[in-house]
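We have chain A; now place chain H onto it with these hints.
In order, the protein sequence lines correspond to chains A and H.
The opening position of the first sequence corresponds to residue 2 in the working numbering, with each subsequent residue numbered one higher.
The opening position of the second sequence corresponds to residue 60 in the working numbering, with each subsequent residue numbered one higher.
FYI, nobody ran anything at the bench for these hints, they're computed from the structure.
It is possible that some hints are incorrect.
[Said to hold, decoys possible] Restraint ranges, calculated between C-beta atoms of paired labels, are given here:
id: 1; chain 1: H; residue 1: G144; chain 2: A; residue 2: E15; range: 37 to 43 Å
id: 2; chain 1: H; residue 1: S68; chain 2: A; residue 2: E15; range: 29 to 35 Å
id: 3; chain 1: A; residue 1: P41; chain 2: H; residue 2: N121; range: 28 to 34 Å
id: 4; chain 1: A; residue 1: T6; chain 2: H; residue 2: T172; range: 30 to 36 Å
id: 5; chain 1: A; residue 1: T53; chain 2: H; residue 2: K70; range: 41 to 47 Å
id: 6; chain 1: A; residue 1: R59; chain 2: H; residue 2: P67; range: 30 to 36 Å
id: 7; chain 1: H; residue 1: Q139; chain 2: A; residue 2: P18; range: 48 to 54 Å
id: 8; chain 1: A; residue 1: S54; chain 2: H; residue 2: P67; range: 39 to 45 Å
id: 9; chain 1: A; residue 1: K70; chain 2: H; residue 2: E73; range: 46 to 52 Å
id: 10; chain 1: A; residue 1: A64; chain 2: H; residue 2: G131; range: 34 to 40 Å
id: 11; chain 1: H; residue 1: T66; chain 2: A; residue 2: N58; range: 28 to 34 Å
id: 12; chain 1: H; residue 1: T72; chain 2: A; residue 2: T53; range: 43 to 49 Å
[As the list claims (entries may be wrong)] One side of the interface only, derived from the structure: several residues of chain A facing chain H at Cβ under 10 Å:
id: 13; residue: H35
id: 14; residue: Y37
id: 15; residue: S42
id: 16; residue: Q43
id: 17; residue: G44
id: 18; residue: P45
id: 19; residue: E46
id: 20; residue: Y47
id: 21; residue: V86
id: 22; residue: Y88
id: 23; residue: N100
id: 24; residue: L101
id: 25; residue: I102
id: 26; residue: G106
[What the hints assert, rightly or not] These stretches of chain H come out as covered by chain A in the derived footprint (C-beta under 8 Å, 3 or more residues):
id: 27; region: 98 to 105
id: 28; region: 161 to 174
Every residue, glycine too, gets a C-beta built ideally from N, C-alpha and C.
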Amino acid sequence: DAKTTQPNSMESNEEEPVHLPCNHSTISGTDYIHWYRQLPSQGPEYVIHGLTSNVNNRMASLAIAEDRKSSTLILHRATLRDAAVYYCILRDVGGSQGNLIFGKGTKLSVKP
Amino acid sequence: GAGVSQTPSNKVTEKGKYVELRCDPISGHTALYWYRQSLGQGPEFLIYFQGTGAADDSGLPNDRFFAVRPEGSVSTLKIQRTERGDSAVYLCASSPEGTHGNTIYFGEGSWLTVV
Numbered sequence: 002d003a004k005t006t007q008p009n010s011m012e013s014n015e016e017e018p019v020h021l022p023c024n025h026s027t028i029s030g031t032d033y034i035h036w037y038r039q040l041p042s043q044g045p046e047y048v049i050h051g052l053t054s055n056v057n058n059r060m061a062s063l064a065i066a067e068d069r070k071s072s073t074l075i076l077h078r079a080t081l082r083d084a085a086v087y088y089c090i091l092r093d094v095g096g097s098q099g100n101l102i103f104g105k106g107t108k109l110s111v112k113p
Numbered sequence: 060g061a062g063v064s065q066t067p068s069n070k071v072t073e074k075g076k077y078v079e080l081r082c083d084p085i086s087g088h089t090a091l092y093w094y095r096q097s098l099g100q101g102p103e104f105l106i107y108f109q110g111t112g113a114a115d116d117s118g119l120p121n122d123r124f125f126a127v128r129p130e131g132s133v134s135t136l137k138i139q140r141t142e143r144g145d146s147a148v149y150l151c152a153s154s155p156e157g158t159h160g161n162t163i164y165f166g167e168g169s170w171l172t173v174v
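The shape of chain A in the complex, shown without the other chains (with noise of 0.2 Å):
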């Protein structure tokens, strides 16, 4: 699986917008483009992926760059919830193992 590069922290007001970036300069053409977040002391949760379009479901928005070298998620309104450490991960859609490569995630801070 192809690397990732995210910043290690972020912080954010209530109910503000927040834009985690991601840089995957090597992503091939067959990686899905995975979030996923973890909430203090649970395991990881899904929240969305996408492949080459940008992508909404209920919990955040996914932009993916048309080079699709880097990709944001967009929380929409953060709430404290929302704080957790966010996983950005690509996976083959050609490979068969499926399992997830994690790296250290950008840990998010949420200030009322």
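Chain H alone, transformed into the frame defined by chain A:
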């Protein structure tokens, strides 16, 4: 409960002892994963099962670590001759099948402390 269940939630053991950690995946999920997470790090892949067989065990750090899934459901991670460096959270996860698009669901982990 509908989620991935792991037992025990906490385990303290002495150096050199044998430990078993159990994982009950979500019913019907054919893919099962084990990860290990040390403080301040992201989860580290250990092993992946598709059904009863280990499809990828490349993440197991050495031969003291072993995992089984004899009936394609419950899995047990076994650690022999534990060392202090084995202290970590051991996470289990499952998905409907091990392909790129399927969501992977994680349990809350088993916290292992080797003293």
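Comparing the hints with the structure gives:
1. G144(H) to E15(A): 37 to 43 Å: 39 Å, holds
2. S68(H) to E15(A): 29 to 35 Å: 31 Å, holds
3. P41(A) to N121(H): 28 to 34 Å: 30 Å, holds
4. T6(A) to T172(H): 30 to 36 Å: Once the Cβ atoms are compared, 32 Å apart, the range 30 to 36 Å for T172(H) and T6(A) holds.
5. T53(A) to K70(H): 41 to 47 Å: 44 Å, holds
6. R59(A) to P67(H): 30 to 36 Å: Given a distance of about 34 Å, which is inside 30 to 36 Å, the answer is holds.
7. Q139(H) to P18(A): 48 to 54 Å: With a Cβ separation near 49 Å, Q139(H) and P18(A) satisfy 48 to 54 Å, so the hint holds.
8. S54(A) to P67(H): 39 to 45 Å: 43 Å, holds
9. K70(A) to E73(H): 46 to 52 Å: 49 Å, holds
10. A64(A) to G131(H): 34 to 40 Å: 39 Å Cβ-Cβ, so the 34 to 40 Å window holds.
11. T66(H) to N58(A): 28 to 34 Å: 32 Å, holds
12. T72(H) to T53(A): 43 to 49 Å: Hint holds: Cβ distance 48 Å, inside 43 to 49 Å.
13. H35: 8 Å, holds
14. Y37: 8 Å, holds
15. S42: 8 Å, holds
16. Q43: This interface hint holds because 6 Å falls under the 10 Å limit.
17. G44: This interface hint holds because 3 Å falls under the 10 Å limit.
18. P45: This hint holds: P45(A) lies near chain H, its Cβ roughly 5 Å from the closest one there, short of 10 Å.
19. E46: 7 Å, holds
20. Y47: Constraint on Y47(A) satisfied, holds at 4 Å.
21. V86: Holds. Min distance 8 Å.
22. Y88: 6 Å, holds
23. N100: Because about 5 Å separates N100(A) from the closest Cβ in chain H, which is inside the 10 Å limit, the hint holds.
24. L101: Holds, because the Cβ-Cβ distance from L101(A) to chain H comes to roughly 6 Å (cut-off 10 Å).
25. I102: 6 Å, holds
26. G106: Holds: closest Cβ of chain H sits about 6 Å from G106(A), inside 10 Å.
27. 98 to 105: As far as the region 98 to 105 of chain H goes, the hint holds, because 6 residues have Cβ atoms under 8 Å from chain A.
28. 161 to 174: holds (count 8)
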